[in-house]
Amino acid sequence: MRPLIHAELRRLLATRMWLGTLLVAALLGGGLIGLLAVIGPENFDPPMPGLHTEAGVRAVLGFLGFTAFIPAAIGTLAVTSEYRHRTVNFTFLFAPDRWRVLAAKLSTYGFAGLIYGLVLSSTAALALFGAAALRGVSLGLPTATVIELLARLAVAMGAYTVLGVGMGALIRHQVAALCVVIGYLYGAELLLMMIPGVRHLYPWLPGGATSALTDFTAVADALSQQLSTEPVRLLSPLAGGLLLVGYTVLASTAALLKPMRRDVI
Amino acid sequence: MTGIEVRNLTKRYGPITAVDTLSFTVRPGAVTAFLGPNGAGKTTTMRMMIDHVAPTSGSVTIGGLRYRDIPRPTTVVGAVFDASAFHPHHSASDHLRIYAAMGGYPDGRVQELLNLLDLADAAERRTGGFSTGMRQRLNLATALLGDPRVLLLDEPSNGLDPEGTAWLRSFLRDLADDGRTILISSHVLSEVQQIADDVVVIRQGRLLTAGPLHELTGTAQAVLVRSPDSAELSRILTRHAQAVRADGPDELRVRGLDAARIADLAAGQGLRIHGLTSEHPSLEQIFLDLAGERTKA
Chain A
328 MRPLIHAELR
338 RLLATRMWLG
348 TLLVAALLGG
358 GLIGLLAVIG
368 PENFDPPMPG
378 LHTEAGVRAV
388 LGFLGFTAFI
398 PAAIGTLAVT
408 SEYRHRTVNF
418 TFLFAPDRWR
428 VLAAKLSTYG
438 FAGLIYGLVL
448 SSTAALALFG
458 AAALRGVSLG
468 LPTATVIELL
478 ARLAVAMGAY
488 TVLGVGMGAL
498 IRHQVAALCV
508 VIGYLYGAEL
518 LLMMIPGVRH
528 LYPWLPGGAT
538 SALTDFTAVA
548 DALSQQLSTE
558 PVRLLSPLAG
568 GLLLVGYTVL
578 ASTAALLKPM
588 RRDVI
Chain B
9 MTGIEVRNLT
19 KRYGPITAVD
29 TLSFTVRPGA
39 VTAFLGPNGA
49 GKTTTMRMMI
59 DHVAPTSGSV
69 TIGGLRYRDI
79 PRPTTVVGAV
89 FDASAFHPHH
99 SASDHLRIYA
109 AMGGYPDGRV
119 QELLNLLDLA
129 DAAERRTGGF
139 STGMRQRLNL
149 ATALLGDPRV
159 LLLDEPSNGL
169 DPEGTAWLRS
179 FLRDLADDGR
189 TILISSHVLS
199 EVQQIADDVV
209 VIRQGRLLTA
219 GPLHELTGTA
229 QAVLVRSPDS
239 AELSRILTRH
249 AQAVRADGPD
259 ELRVRGLDAA
269 RIADLAAGQG
279 LRIHGLTSEH
289 PSLEQIFLDL
299 AGERTKA
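These protein sequence lines map, in sequence, to chains A and B.
The first sequence begins at 328 in our numbering and counts up by one.
The second sequence begins at 9 in our numbering and counts up by one.
Incorrect hints may have been included.
Said to hold, decoys possible - Sample of chain B residues facing chain A (criterion: CB under 8 Å; computed from the structure):
1. R55
2. H60
3. V61
4. T82
5. V84
6. A87
7. H95
8. R105
9. M110
10. G111
To be clear, the hints were calculated from the coordinates, so they are not data collected in a lab.
Beta carbons are placed, not taken as given, at the ideal position from N, Cα and C, and that holds for glycine.
Build the full structure now, drawing on both the sequences and the hints.
This is the structure we're talking about:
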């Protein structure tokens, strides 16, 4: 397995995409959180509790959960680009046990996703604490809790990267896989929350699991308020994290049962 | 010695049988040309050799083992299928380093191959800008990372210019002379005639013939006879030759007799001969003849 992981790391670092992706993480973490914190949630439309409250801090940080489609897309590309550029010919020549190829990609990109998450979270922490200091606001959550929330977000980014790898292996076609992964995470899940009955499934969906992992309920609560429905009850953070891992295992197993075994022609 | 043994290999895609109970062997120390028209099942057969395609039935072994059972398989087999199987933003060096790591080969091997395949100057260039010849050389470099004893190349000279084709021929000849097993597929029969020691010819997934090229061309040798007495000469020659065919009003194509014997037979009957030409048939002609015989059968 080590040679395969070594090869995947070299593949990941061979283009400058990794640098661009980390830059995006820094921009989203530092830029987005900095902007939201400087403006202040109390000035949002509709207004939300300010940074001096627990809900306000959770709401600002929770927005980062909506950027999970980026690491998910990176994970998806890790597999689909092999088919697109036909490198899969050599990859399966060098590693005829295809599950090893997938396992190496899951490990490598899980690690890479975690690094992405750490850059995102650490720049977000700097931006949040910096903005609070700038505005002279005392945050509504203890520093340790803020850091714990951000650490959970970093873990969620790693989990989404491996979920993307699993989805890429399952769908194989690059454009189709990206459409499904981004389309689902960005739109389909929010739409599901609006459907009475179906929305109770939300805690069990990937987005719901991420919200549970980060204790972020602002969007779900806002939707519930607008639709005059009961707020959705999320799972515990640990259960949310495990659920995300479960989705990855499910996608990877399904990929190994059929798509990864398909003839390379 | 690492040869390839294909036994009763069959691949069906739904109602279509791409490869049909195919059996042949490929020996080490020779270049074997795997021939047949487009869609004959050559690529499918070669991909079954390295587990890219799962056979419906039958088996392929390389050195007595199925590909997946070979420890460190790229030390035994190298294969090239697509003209370009590189990430366009990777450099040649990056590409080789990725697969060197995957195969567990030292980075020094990358530089060796870049030098061997005359890619050292282009090592840091993105493969997206490579010419067809450079791509093919990078393909070969990747396949050779593990210094394999068996090399499978699917249509390797597609898109190569005459210089590139000549280079490839000499490169493959050197590898075969070194005792390696080389299998190259092609639908351009004339192209491989200059390099192949053995041929395996298939059509519609079935074996037409397999064996040394010189035996195949030898048995199919013909003599073109020009004679104003062709009708009478044809009657005489038919009794002695394998086949006599009228190619024109004054022309006969005779198989199974050499030019001297034809001249003697004609002289014995007082028949005039205006020309005798010995023909070494092209692989195309052999293939067409074989295909024709099979169709008639």
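Per the CB criterion, is B/H95 less than 8 Å away from chain A? 5 Å, holds
Minimum Cβ distance from B/R105 to chain A below 8 Å? 6 Å, holds
Are B/H60 and chain A close enough, Cβ to Cβ, to be under 8 Å, as the hint says? 4 Å, holds
With chain A as the partner, please determine if B/R55 meets the hint condition of a C-beta pair closer than 8 Å. 7 Å, holds
Taking the least C-beta to C-beta distance, is B/T82 closer than 8 Å to chain A? 5 Å, holds
Supplied contact hint for B/G111, tested at 8 Å Cβ to chain A: 5 Å, holds
Report holds or violated for the interface hint on B/A87, using the least CB-CB distance to chain A and a cut-off of 8 Å. Holds, because the Cβ-Cβ distance from B/A87 to chain A comes to roughly 6 Å (cut-off 8 Å).
For the hint on B/V84, just tell me whether its beta-carbon gets within less than 8 Å of chain A. Violated, about 11 Å.
Closer than 8 Å between Cβ atoms is the bar; does B/V61 clear it against chain A? Give me holds or violated. With a minimum Cβ separation of about 4 Å from chain A (threshold 8 Å), the hint on B/V61 holds.
At a threshold of 8 Å, is the proposed contact between B/M110 and chain A supported by beta-carbon distances? Cβ of B/M110 sits 4 Å from chain A, so the hint holds.
When held up to the earlier numbered hints, the structure conflicts with hint 5 and nothing else.
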